[in-house]
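> Letter by letter, the chains look like this.
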Amino acid sequence: MAKEIIELIVNGDRYEVAVEPWRTLAEVLREDLNLTGTKIGCNQGDCGACTVLMEGRSVSSCLTLAAEAHQREIVTIEGLAQGPEDLHPLQEAFVEHGAVQCGYCTPGMILSAKHLLDHNPTPSEQEIRQGLSGNLCRCTGYSKIVEAIGAAAAKMAPAGEGE
Amino acid sequence: MLLPRFEYHQPASLDEAVEVLGQYAGEAAVLAGGTDLLVNMKHQAMAPSHLVSLAGVEGLDQASADGGRVTVGPLMSAAVLAQSEFIAANAGALALGAAVLGSPQVRTRATVGGNVCNARPAADMSVPLLALGARAVLTGPDGQRQVDLEEFFVGPGQTVRAPGELLSALEMDAPAPGTGWGYQKLGLRKALEISLVNVAAALSLEDDGKTIKAARVALGAVAPTPILAPGAAEVLVGQAAGGDVFKAAGQKAAADAKPIDDHRGSAWYRREMVAVLTARALNQAWARAQGQ
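The listed protein sequences correspond, in order, to chains A and B. Going left to right, the first sequence walks through residues 920 to 1082 as the numbering used here numbers them. Going left to right, the second sequence walks through residues 20 to 311 as the numbering used here numbers them.
For the record, the hints were derived by calculation from the structure and aren't laboratory data. Please note that the accuracy of each hint is not assured.
[Said to hold, decoys possible] In silico DMTMM-like pairs for lysine to aspartate or glutamate, Cα to Cα no more than 20 Å straight-line:
hint, chain 1, residue 1, chain 2, residue 2
1, B, LYS232, A, GLU1046
2, B, LYS209, A, GLU950
3, B, LYS61, A, ASP965
4, B, LYS61, A, GLU950
5, B, LYS61, A, GLU1044
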């Protein structure tokens, strides 16, 4: 079947890409747009390594057809830092708290955390753990990740709400 | 694991969707959220040569109330249903089930229509919909028909939906004043879980705020399809709500269950848990019914 031209809005940039209908958003982000921060782990929606935001909500990009993302706003891990020296508060907190070991799960973890904080800026520890329930990490035991997200939330919260 | 090849169709209206589906009936699958379908295709458990996406059909992702009837669009996602105040007020059991389905990422994409059409015995949105007395509206080449959800499910993964038909809406009666809902899910872990047993309950009280006017209890993962527990409803109606009658209803529900032994749990354990979860779901429903 012929490729179809789709338009993706990724991290604010518009891309026109010719894709075969069976290609997933994760594949197109990595292979066509060279945005390899998005990882493919289990490739069946269990591990969360491929998590990106679509229209502000977290999705498994391995279970989303690229065609279904046509004209949708996508945010990947590459879209969070303002510059090489200007990390997003979540990224800073992950570094400061040692929440990154091998790093494979990190982009997905951070985007799930961003989804959580965008909808709930002051989550409890329980809510943070629930927010990460679709992301697996095989190195850290999660504690450092949960701490980092709590710290980032406190830093990002409007004045008066943080610690 | 790559997806097998297929042709992709994105009709712009319900009529067009039915037409495309009719054209390839038998070889086509309907793509809603894709969280089950695409996994099955990657595992090569299914290999439809055509996918008919509903993403371009307007109006399927809305809920509304009209003349005593509540309509839920099949493309509404679990995330939207879980957070919707309208659903919480008019079909609360569905919001409770949607909130605990899969993971946040799955909830963004998974739709209620997909959950119903996939007909898994433990489906987190189908079991609540049974307790709500929902009806499936099927649109096909010969027009529309309505099927009560208890007749819609035939077996695991099997429904009465014909290959050329689309689930175009889910409908139910608007809740009577003094109605509350409960949903209890038991799994081996707290997230991304397929239930060992799940129970949904709907309870309506008389004006006295005590006597049970109507009750429906639905059970998941204890039969080839989500099922109603008519025995439980029978012992509830006309009685004063409370712990003892809820326990009795739990025993009846356990008798209505037809569980099997499998890798998630034994039939004996499931039956015991049906009794416990039914009483809990009824307590939860009672608290909400009194709160109105």
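> State for each hint whether it applies.
Results of checking the hints against the structure:
no.	hint	result
1	LYS232(B) with GLU1046(A)	violated (37 Å)
2	LYS209(B) with GLU950(A)	violated (35 Å)
3	LYS61(B) with ASP965(A)	holds (13 Å)
4	LYS61(B) with GLU950(A)	holds (19 Å)
5	LYS61(B) with GLU1044(A)	violated (35 Å)
Hints 1, 2, 5 from the list above are not met by this structure, while the remaining hints are.
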